[in-house]
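> The whole structure should be built from the sequences, with the hints applied where relevant.
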Amino acid sequence: MVQPNDRSGQGGGVGTAAGERTARRDTYTPQTLLEVAVRVFNERGYDGTSMEHLSRAAGISKSSIYHHVRGKEELLRRAVSHALDGLFGVLEEPAAREGRAVDRLAHVIRRTTEVLMERLPHVTLLLRVRGNTETERWALERRRKFDQRVAELLRQAVADGTLRPGADPRLATRLLFGMINSLVEWYRPHPEGPRVAPEIVEGVLTTALAGLGLPGGAPPAR
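Here the sequence shown is numbered in the working numbering, starting from 2 and rising by one per residue.
Check the hints yourself; a few may be wrong.
As the list claims (entries may be wrong) - Here are the computed lysine to aspartate or glutamate pairs in the DMTMM-like style, where the Cα-Cα straight-line distance is at most 20 angstroms:
(1) Lys73 with Glu137
(2) Lys63 with Glu75
(3) Lys73 with Glu135
(4) Lys73 with Glu93
(5) Lys63 with Glu36
(6) Lys63 with Glu74
(7) Lys73 with Glu36
(8) Lys73 with Glu53
(9) Lys146 with Glu93
(10) Lys146 with Glu94
(11) Lys73 with Glu44
(12) Lys63 with Glu53
(13) Lys146 with Asp169
(14) Lys63 with Asp48
(15) Lys146 with Asp86
What the hints contain is simulated information worked out from the structure, not anything from laboratory work.
Predicted model, so just to flag it, every value in this text is computed and none were measured.
Right, here's the structure in full:
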């Protein structure tokens with residue numbers, strides 16, 4: 002994270018401070034700014050965050066932020082796009098597109114959980130959007146499309162008899178992602194360890210498939 006400018010005045014005057022701000026802007030990157038914005042949005046809420054808040058958190062002037070983006074909504078779109086691209090990328094993986102429906106579903110559950118852990122701050126922000134802006138409404142619509150594709154996998158798995166007959170795919174999808182998405186409230190990776198915890202991923206998968214009616218709750222072969 003970029004640290005705030007040193008305003009102590011020690012070791013230089015106005016010219017030195019101006020030079021430091023220029024150097025900071027020159028070394029700043031859109032990715033660095035995005036990381037700061039995601040953290041502040043998650044801490045304060047998107048509606049409760051101003052450009053002044055972002056400026057203070059980043060340690061650069063508002064004009065320097067505008068050098069990279071048009072405003073805070075562009076930062077929001079970049080952040081939720083990172084989360085959504087990860088989720089939709091799962092659906093394009095070969096194991097999500099080929100084979101029995103239940104095997105594809107198991108892959109999607111496993112990989113969705115991994116993506117949530119890998120992109121935890123961005124997914125956390127995605128799950129908190131409420132549809133108050135154009136970007137938020139766009140994000141909510143993409144989330145619905147993702148849910149619909151998973152619900153279709155559930156329908157196929159029920160139809161071929163590998164999951165409990167009569168299960169409501171839409172309800173099952175909501176319950177499934179309610180469990181997976183709850184990780185943003187309590188999962189915190191160790192700062193010096195891997196972001197993904199395999200034991201949690203497998204626990205989510207086994208619990209999900211047991212609830213959906215796979216005999217014994219055992220996950221399909223990988």
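> Does the alpha-carbon distance linking Lys146 and Glu94 stay inside the 20 angstroms limit?
Within the cut-off at roughly 17 angstroms; holds.
> Can the restraint linking Lys146 and Asp169 be considered satisfied, given a maximum Cα separation of 20 angstroms?
It holds: about 17 angstroms lies between the C-alpha atoms, which stays within 20 angstroms.
> Would the pair Lys73 and Glu135 pass a check requiring their Cα atoms to be no farther apart than 20 angstroms?
With a Cα-Cα distance of about 13 angstroms, the restraint between Lys73 and Glu135 holds, given a limit of 20 angstroms.
> Would the pair Lys63 and Glu36 pass a check requiring their Cα atoms to be no farther apart than 20 angstroms?
The hint holds at about 16 angstroms.
> Given the proposed pairing of Lys73 with Glu137, does the C-alpha separation stay at or below 20 angstroms?
OK: Lys73 and Glu137 at ~12 angstroms, within 20 angstroms.
> Has the given pair, Lys63 with Glu74, been kept, meaning a C-alpha gap of at most 20 angstroms?
With a Cα-Cα distance of about 14 angstroms, the restraint between Lys63 and Glu74 holds, given a limit of 20 angstroms.
> Taking only the CA atoms, is the gap from Lys63 to Glu53 under or equal to 20 angstroms?
Status holds; Cα separation ~7 angstroms.
> Holds or violated: Lys73 and Glu44, Cα atoms, limit 20 angstroms.
Holds, because 15 angstroms separates the two Cα atoms, which is no more than 20 angstroms.
> Holds or violated: are the alpha carbons of Lys146 and Glu93 at most 20 angstroms from each other?
Judged against 20 angstroms, a Cα distance of about 14 angstroms means the pair holds.
> When you check the alpha-carbon spacing of Lys73 and Glu36, does it fall within 20 angstroms?
Cα-Cα ~13 angstroms, so holds.
> With the threshold set at 20 angstroms, check whether the alpha-carbon distance from Lys63 to Glu75 stays at or below it.
holds (14 angstroms)
> Taking 20 angstroms as the top limit, are the C-alpha atoms of Lys146 and Asp86 close enough?
Measuring from Cα to Cα gives roughly 13 angstroms; hence the hint holds.
The earlier numbered hint that this structure contradicts is number 4, and it is the only one.
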